[in-house]
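The lines below spell out each chain.
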Amino acid sequence: MPRRKRREGEQRTSFYLFLAPWIIGFLLFQLLPIGWGFWTSLTNRMAFSVNLRFVGLANYLKLVQDPEILYAFQTTFLYALLHTCLAIVTGLFGALLLEREVPARGVFRTILYFPYMIPVIAVGWIFRIFLDRDTGFFNVVLLKLHLIPSAVAWLADFPLGSIVSLAIWQSGWSLIIFLGGLSTIPTELYEVSTIDGANYFRRFRHIALPLLSPFILFQFVSSMIYAMQTFIQSFILNPRPLRGEMLFVSPPPRETFFVMAKGFFEVTGKNRFAYGLSLLWMLFLVVLLITIIFIRLGGFVVYTEVEEKR
Amino acid sequence: MQRSQRRKKAVFTALKLLLLVAMVVIFFLPLVSMVITSLKTREELFVVPPVVFPRVAQWVNYVLAWTMVRFGKFLVNSVVLSLFYTLPCVMSSCFAGYAFSRFQIREARGVFLLVLATMMIPYMVTVVPLYLIITKIGLTDKRWLWLLFGLQGAPFLIFLFRQYFSTIPLSFEESARLDGAGRFQIFFYIMFPLVQTAVIIAAIFAFQWSWADFLQPTLFLRGEKLTLAVKLARGYVDQKESLLYHVGMAGLLYYTLPIVVLFFALQRRFISGLLAGGLKG
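Protein sequences appear in the order of chains A and B.
For the first sequence, position 24 matches number 24 in this note's numbering, and the numbering has no gaps at all.
For the second sequence, position 256 matches number 256 in this note's numbering, and the numbering has no gaps at all.
Think of the hints as simulated: they come from the structure by calculation, not from any bench.
Accuracy of the hints is not assured; some may be wrong.
What the hints assert, rightly or not - Quick list of in silico lysine to aspartate or glutamate cross-link-like pairs, EDC-like style, CA-CA up to 16 Å:
1) B:K8 x A:E245
2) B:K142 x B:E224
3) B:K16 x A:E99
4) B:K9 x A:E191
5) B:K73 x B:E224
6) B:K225 x B:D141
7) B:K9 x A:E101
8) B:K240 x A:E245
9) B:K16 x A:E101
10) B:K9 x A:E99
Kindly produce the complete structure, drawing on both the sequences and the hints.
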């Protein structure tokens with residue numbers, strides 16, 4: 001017995017030794033700032049406050065009563081949902097096309113994944129120019145194909161849609177997740193079903209989709225978390241300023257003034273630290289809530305093998 | 001019967017191929033627009049209806065993109081900062097992944113859930129207060145901070161390393177331990193070389209993150225030390241602050257190129273490594 005205990009003690013020492021860098025990083029750069037941030041959000045702190053006061057939940061009450069803030073949360077959620085669903089559909093579509101013997105599979109896989117690696121600033125600028133009404137390539141192509149009667153001002157008239165379109169282009173990550181998921185499906189299942197006379201769509205509906213569902217849930221939740229934090233795109237794809245200095249200073253259109261963008265704006269633009277921080281904290285809570293809700297909901301939809309194993 | 005089935009399969013493959021090619025073409029459009037714009041003259045930018053191809057390719061834009069903003073300096077800044085972040089981030093994630101895959105102690109599962117839970121913390125919720133703290137203690141404009149930022153690793157990379165380490169049989173270590181190797185010797189001489197693929201994947205991700213990061217350099221650094229991400233986010237402008245799209249696109253091409261080269265040089269190992277190790281389970 002004592003020997004076993006010593007073994008466990010040794011294991012514990014090793015565990016924490018190897019985890020030490022992460023623990024230090026976590027305490028210093030996550031826990032400490034979050035705690036400090038929460039405390040600050042309960043004060044009236046500005047950039048250079050002279051009489052710093054504790055104001056309790058006043059900032060939060062102000063936020064909840066501000067219709068613009070509530071609208072920002074609404075539009076952020078809508079954006080995240082659209083972003084997530086479109087990226088999942090595009091990624092799943094690509095993964096199904098690349099699932100089995102296709103010529104040049106690796107090349108296609110690399111090309112479809114590749115836009116995901118392009119830094120977000122470059123992507124924002126590429127699309128700002130691509131979607132421009134008068135000079136953008138997108139309108140040229142659509143006009144040539146006679147899909148639209150006249151040039152559309154995508155950035156000004158469809159600000160939300162414009163930013164969502166980046167999600168389709170950068171869906172490479174979900175492509176990889178779903179390719180990984182599809183590769184875990186045993187081929188025998190497909191063979192048996194083909195012998196039983198199931199066609200492609202039935203095979204997809206009854207074999208691939210249920211077995212992929214945990215991957216879809218994972219991708220859904222992590223993509224929602226990620227998309228709720230979008231902010232640079234709002235500024236770069238803001239159609240109004242044509243002058244560089246105004247780009248991060250002038251507020252984006254209402255539809256794309258996401259919570260994060262508002263937080264960034266409050267803190268760096270207006271130096272309202274406490275107010276901005278309480279906004280960010282509220283976003284944190286909303287993200288937490290959404291994650292829990294979707295994981296719970298997902299529990300009903302996702303197919304698990306537990307019952308079969310029993 | 002068999003023949004018709006084979007034909008059916010051929011049609012199916014052709015259809016898939018067609019859809020794939022269509023997807024690739026659509027995916028390439030924004031990039032084509034980027035390259036073409038970077039070769040236009042300033043007048044050609046604003047002609048309506050738009051000029052699809054510039055009359056004479058303006059390679060001078062690529063020279064301007066380099067000279068207008070002291071590109072070389074900011075490039076060096078970006079590289080330094082990204083390396084400062086990548087190194088500790090990969091190491092720390094690797095250590096943590098090893099800890100979670102090898103040491104079965106009671107609280108390990110709980111701690112692992114904590115690591116995964118940190119994924120839910122919005123980036124700004126930690127970075128903005130950190131900015132206040134760092135300004136308060138007078139550490140603005142210090143690049144070595146990135147060496148510390150890397151320590152927190154990344155939940156996804158920790159997960160990836162855990163998966164990779166879990167595939168290595170325990171017997172490897174047992175025999176080394178019997179030979180009298182200590183735990184760090186075992187880790188560095190036996191385990192670490194075995195997860196090379198994961199190290200490459202993690203390094204690419206970490207490098208890409210910090211290369212693309214806009215917020216932290218904006219908040220923590222000042223003029224001389226700013227990175228390409230911060231400089232290029234505002235675009236290229238002339239004296240009157242009007243945006244120069246053509247030069248901007250050339251600059252962004254430069255900025256994207258290192259990531260693209262890194263990715264394509266290692267993509268075979270990168271993607272198959274991701275598929276093999278990271279995503280199962």
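Going through the hints against the structure:
For a cut-off of 16 Å, the pair hint linking B:K8 to A:E245 is broken: about 59 Å separates their Cα positions. For the hint pairing B:K142 with B:E224, the CA-to-CA distance comes to about 11 Å; that is within 16 Å, so the pair holds. Note on B:K16 and A:E99: the hinted pairing holds, with a Cα-Cα distance of about 10 Å set against a maximum of 16 Å. A hinted pair counts as satisfied when its Cα atoms are at most 16 Å apart, and B:K9 with A:E191 qualifies at roughly 14 Å.
Taken as a hint, the B:K73 and B:E224 pair is honoured in the structure, with Cα atoms around 8 Å apart against an allowance of 16 Å. Taking the CA atoms of B:K225 and B:D141, the gap is about 7 Å. The hint holds against a cut of 16 Å. About 10 Å separates the Cα atoms of B:K9 and A:E101, which keeps this hinted pair within 16 Å; it holds. Using a Cα cut-off of 16 Å, the hinted pair B:K240 and A:E245 holds, with the two alpha carbons roughly 10 Å apart.
This hinted pair checks out: B:K16 and A:E101 have alpha carbons roughly 10 Å apart, not beyond 16 Å. For the given pair, B:K9 sits about 14 Å from A:E99 by alpha-carbon distance, which is consistent with the 16 Å threshold.
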